[in-house]
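Build out the structure end to end from the sequences listed, making use of the hints.
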Amino acid sequence: MDVLYFAWVRERIGLPKERVETQAATVADLVEELRAREARYAAAFADLSALRVAVDQKLTGFDAPLDGAREVAFFPPMTGG
Amino acid sequence: MDVLYFAWVRERIGLPKERVETQAATVADLVEELRAREARYAAAFADLSALRVAVDQKLTGFDAPLDGAREVAFFPPMTGG
Amino acid sequence: MRIVVQQAPFDLGAEANAFAAGRRDMGAVVTFTGIVRDLASADLDAMEIEHYPGMTEAALTEIATEARDRWSLGDVLVIHRFGRLCPGDLIMMVATAAPHRRDAFEAAEFLMDYLKSRAPFWKKEHSGGASGWVAAKDEDEDALTRW
Amino acid sequence: MRIVVQQAPFDLGAEANAFAAGRRDMGAVVTFTGIVRDLASADLDAMEIEHYPGMTEAALTEIATEARDRWSLGDVLVIHRFGRLCPGDLIMMVATAAPHRRDAFEAAEFLMDYLKSRAPFWKKEHSGGASGWVAAKDEDEDALTRW
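Chains as they are written, first to last, in the working numbering: chain B, 1 to 81; chain W, 1001 to 1081; chain X, 2001 to 2147; chain H, 3001 to 3147.
Rather than coming from a laboratory, the hints here were simulated on the basis of the structure. For every residue, glycine included, the Cβ atom is placed at its ideal position computed from N, Cα and C. One thing to keep in mind: the hints can contain errors.
[As the list claims (entries may be wrong)] Listed next, the stretches of chain B that the computed footprint assigns to chain H, with coverage defined by at least 3 CB atoms under 8 Å from CB atoms of chain H:
hint, region
1, 17-23
2, 66-79
[As the list claims (entries may be wrong)] Dumping the calculated SDA-like pairs for lysine to any residue here, alpha-carbon to alpha-carbon at most 25 Å:
hint, chain 1, residue 1, chain 2, residue 2
3, H, K3137, X, G2074
4, B, K58, H, D3069
5, W, K1017, W, A1036
6, X, K2137, H, P3099
7, W, K1017, X, A2135
8, H, K3137, X, S2072
9, W, K1058, X, R2037
10, B, K58, H, Q3007
11, H, K3137, B, F62
12, X, K2137, X, R2037
13, H, K3124, B, V3
14, X, K2124, W, A1043
15, X, K2137, H, R3102
16, H, K3124, B, L66
17, X, K2124, W, L1015
18, W, K1017, X, G2128
19, B, K17, B, V53
Pasting the structure below:
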């Protein structure tokens, strides 16, 4: 699936988007896999309460299933307007 | 003093403004004098709850004193905006 | 603060642009515009707005000053027309500028609620040969209890 | 209903005039405009707005549709810019048209409250060589409980 990063999550991980092959059942499982990769991922995902997630462009929770998901995005709380 | 009428009060009395010589102590006293003049005044002032009054261009009540007042205006509730 | 009472039309876009221009310290601008409405049932030909010259400007200034006292505002604009208007014509506008959006919104609502029942304007509707004064609504009077 | 996400500036006045034009059945038009603010303390050089193409438009459409479901509205407009902006630049606007003023005001406030924390935009401030992401405010999240 495509994994997207925005704002300081993007800056901390160092890229806006990557292709990830995963069998993760939920967003939380995917986060665990990413954290295990490298320090910059561990740093970006250190505090999940500071993060928001969208699956296929819909805001959701970290317990959301990834079954059939094509795109997951991680970002800080939004500051539009 | 000058007495002004607006909206349907003006239409009912038949003029927008007139000079009134009066010793009336309050707005209510002035209304009594006007009512006694002619049927069109009695009709315009039949229901005070349907009227509003301003003394010297300030909204006030019918018990307001007229001491020193230069201008009294009668009109229906306002419908601006 | 600018208070305008006039018979002539005003240009909402030009007023909004001028009001919002160069406000580096104000993050929020709210405008409200009132438009002559032709209800399907009414078949309105025209609306005539009467006002009380002198008192109108004083009342609007007082309401705008009160808004500036109650909210943190950078600026306030009120434009209100009088005379004969047609359906679709703009009757009036208010604009507020504030550092924060809640202040701009609340002050604009306050201005509208007070302007509706405390500024000396009266509307008369002309529809198909008949005409009648618009009655004040209880809900407009009740709206003032919010503030 | 019109939802626009663009890098280019927009003309508040032209948009407001076009939105208000010919609304014979809508008595009330409210606009909100967000402006890049230079706080005295911040000495802001520029603000950069990042967004999530695709999701942004979907989220704004969902919020606007929700507003139309909850209030009696004739029309809704949302314009939001992204990219690099300077103090005084217009960031975004919403406009609502309704038969009654209360609906137009409430729907515009609802749109702003949801857009603030539910549309995927992120602001970064550049001031005197330093830069930092604007943190979401608790009060913006709390504002959603009103609705």
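Results for each hint:
Counting residues of the region 17-23 of chain B whose C-beta lies closer than 8 Å to any C-beta of chain H gives 0; at least three are required, and the coverage claim is violated. Evaluation of the coverage hint for the region 66-79 of chain B: fulfilled, as 6 residues show C-beta separations to chain H shorter than 8 Å, against a requirement of three. Under the criterion of a C-alpha separation no larger than 25 Å, the hint pairing K3137/H with G2074/X is consistent with the structure, at around 22 Å. At roughly 20 Å between alpha-carbon atoms, K58/B and D3069/H fall within 25 Å of each other, so this suggested pair holds.
Under the criterion of a C-alpha separation no larger than 25 Å, the hint pairing K1017/W with A1036/W is consistent with the structure, at around 18 Å. For the suggested pair K2137/X and P3099/H, the alpha carbons sit about 15 Å apart, so the restraint of at most 25 Å is met. Between K1017/W and A2135/X the CA atoms are separated by roughly 23 Å; this keeps the pair inside 25 Å, and the hint holds. Distance hint between K3137/H and S2072/X is fulfilled; the C-alpha atoms sit about 19 Å from each other, no more than 25 Å.
With a C-alpha separation of about 30 Å, the suggested pairing of K1058/W with R2037/X is violated against the 25 Å cut-off. Restraint check for K58/B and Q3007/H: the C-alpha separation of about 23 Å stays at or below 25 Å, so the hint holds. Proposed proximity of K3137/H and F62/B is supported: the alpha carbons are some 21 Å apart, at most 25 Å. Pair hint K2137/X plus R2037/X holds up; C-alpha atoms about 16 Å apart against a cutoff of 25 Å.
For a cut-off of 25 Å, the pair hint linking K3124/H to V3/B stands: about 22 Å separates their Cα positions. Distance hint between K2124/X and A1043/W is fulfilled; the C-alpha atoms sit about 20 Å from each other, no more than 25 Å. The hinted pair formed by K2137/X and R3102/H meets the criterion: a straight-line CA distance of about 14 Å does not exceed 25 Å. Proposed proximity of K3124/H and L66/B is contradicted: the alpha carbons are some 30 Å apart, above 25 Å.
For a cut-off of 25 Å, the pair hint linking K2124/X to L1015/W stands: about 17 Å separates their Cα positions. Taken as a hint, the K1017/W and G2128/X pair is broken in the structure, with Cα atoms around 30 Å apart against an allowance of 25 Å. Distance hint between K17/B and V53/B is fulfilled; the C-alpha atoms sit about 14 Å from each other, no more than 25 Å.
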